[in-house]
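Trainee: Sequence:
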Amino acid sequence: MLELRPCCEHCAAALPANSTEARICSFECTFCAACVDELLQNVCPNCGGGFSPRPVRPAHHGKNGNDTRHYPPSSVRKHRPVDLTAHRELMEKLRHLTPENR
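Going by my numbering, the sequence shown opens with residue -16, and the numbers climb by one from there.
Take these hints with a grain of salt, some might be off.
Claimed, not checked - Okay, derived cross-link-like pairs now, SDA-like style, lysine to any residue, Cα gap no bigger than 20 Å in a straight line: (1) K61 <-> P(-11); (2) K61 <-> A(-5); (3) K46 <-> S35.
Rather than coming from a laboratory, the hints here were simulated on the basis of the structure.
Computed from a prediction, not measured in an experiment: that's the story for all the values here.
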């Protein structure tokens, strides 16, 4: 089950469990849509993969109790600003490849 991390790893913007602005890679690195689109250009600085919108877990009435009341989101903040110089080098290597071909 996804941790639903509470903030963007780069800018620390709040990303509550019901946020439609959260983006995750396959390793669940979590960034806001603005950082993914404007700075990271859909290249995860941690793994090189692409991003997808993070699903929203139901707050109440999830089937069989599968909701945030029974499975709360993480409260652990992972604020690790990206080294943008190093990220530019990574993007140069990967930018010609789509995420599914990296």
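Trainee: Is the straight-line distance between the alpha-carbon of K61 and that of P(-11) 20 Å or less?
Mentor: 8 Å, holds
Trainee: So if I understand the rule, the pair passes when the alpha-carbon distance is 20 Å or less; does K46 with S35 pass?
Mentor: The hint is violated at about 24 Å.
Trainee: What's the verdict on K61 and A(-5), does the C-alpha distance respect the 20 Å limit or exceed it?
Mentor: 8 Å, holds
Of the numbered hints stated above, the single one contradicted by the structure is hint 3.
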